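Order-wise, the sequence lines are chains A and B.
When you number the first sequence by our numbering, it's gap-free, plus one each residue, and the end is 141.
When you number the second sequence by our numbering, it's gap-free, plus one each residue, and the end is 1112.
Calculated directly from the structure, the hints in this document are not laboratory data.
All of these numbers come straight from a predicted model, not from anything done at the bench.
Beta carbons: idealized from backbone N, C-alpha and C, even for Gly.
Please note: incorrect hints may appear among the correct ones.
Have a look at the derived ranges for each label pair, beta carbon to beta carbon [what the hints assert, rightly or not]: (1) B:Ser-1028 <-> A:Ala-124: 35 to 43 angstroms; (2) B:Asn-1065 <-> A:Thr-32: 35 to 43 angstroms; (3) B:Ser-1052 <-> A:Thr-129: 29 to 37 angstroms; (4) A:Arg-123 <-> B:Lys-1079: 42 to 50 angstroms; (5) A:Gly-43 <-> B:Thr-1109: 21 to 29 angstroms; (6) A:Arg-71 <-> B:Gln-1069: 20 to 28 angstroms.
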Amino acid sequence: EAQVTQNPRYLITVTGKKLTVTCSQNMNHEYMSWYRQDPGLGLRQIYYSMNVEVTDKGDVPEGYKVSRKEKRNFPLILESPSPNQTSLYFCASSRRATLTDTQYFGPGTRLTVL
Amino acid sequence: RKEVEQDPGPFNVPEGATVAFNCTYSNSASQSFFWYRQDCRKEPKLLMSVYSSGNEDGRFTAQLNRASQYISLLIRDSKLSDSATYLCVVNLPNFGNEKLTFGTGTRLTIIP
Chain A
28 EAQVTQNPRY LITVTGKKLT VTCSQNMNHE YMSWYRQDPG LGLRQIYYSM NVEVTDKGDV
88 PEGYKVSRKE KRNFPLILES PSPNQTSLYF CASSRRATLT DTQYFGPGTR LTVL
Chain B
1001 RKEVEQDPGP FNVPEGATVA FNCTYSNSAS QSFFWYRQDC RKEPKLLMSV YSSGNEDGRF
1061 TAQLNRASQY ISLLIRDSKL SDSATYLCVV NLPNFGNEKL TFGTGTRLTI IP
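Looking at chain A on its own, in the form it has when it is part of the complex (with noise of 0.2 angstroms):
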């Protein structure tokens, strides 16, 4: 079946203690990107990546990292979280790096940062 995963699903953690949201695709999709999204908000952009190895900044990449070094996956990392990394991720990915194309969102981690 065709699917983006994302783990964890939900996760509850402390202040400063690094932590990895995996994401991966099996589509063979060649961009890949995560998001946030919170109330009055809507989902903005963090990091992007139009391929292997190549990353760049979203909207909001303050205290996130990104890796792309294989094609299906491409981790979230927060090295040190805060309060206000409290949020819904989501992963995306799509077939090619152009936007036109249909985004297909994994089914979301909720992070809670105490």
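Here the structure of chain A is known, so what remains is to put chain B in place on it, guided by the hints.
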């Protein structure tokens, strides 16, 4: 002014009714437009793209008005399963890089 604006609702509509909502965008150079649907606590999924000439997909009709810079979504004969949040998405040119901007969504509840 926000790049993409939607009426947050909620819209509470009886089953079988027709409902329409708009979304306005600020950048006249915007090129591509979409409606995504997001069920409660789930991921967004593409509902339909919006073409210049307007397009239909079953009970759903999407239209684009470039002069007034808005897109609309019309749902006819609404079903209980149409209850969701509808996200307006605009592909904005951004100094040579494209950028997808999401509206905050319009929440729709269909009432039996």
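Hint check results:
no.: 1; hint: B:Ser-1028 <-> A:Ala-124: 35 to 43 angstroms; result: 24 angstroms, violated
no.: 2; hint: B:Asn-1065 <-> A:Thr-32: 35 to 43 angstroms; result: 38 angstroms, holds
no.: 3; hint: B:Ser-1052 <-> A:Thr-129: 29 to 37 angstroms; result: 19 angstroms, violated
no.: 4; hint: A:Arg-123 <-> B:Lys-1079: 42 to 50 angstroms; result: 33 angstroms, violated
no.: 5; hint: A:Gly-43 <-> B:Thr-1109: 21 to 29 angstroms; result: 40 angstroms, violated
no.: 6; hint: A:Arg-71 <-> B:Gln-1069: 20 to 28 angstroms; result: 21 angstroms, holds
Checked against the numbered hints given earlier, the structure breaks hints 1, 3, 4, 5 and satisfies all the rest.
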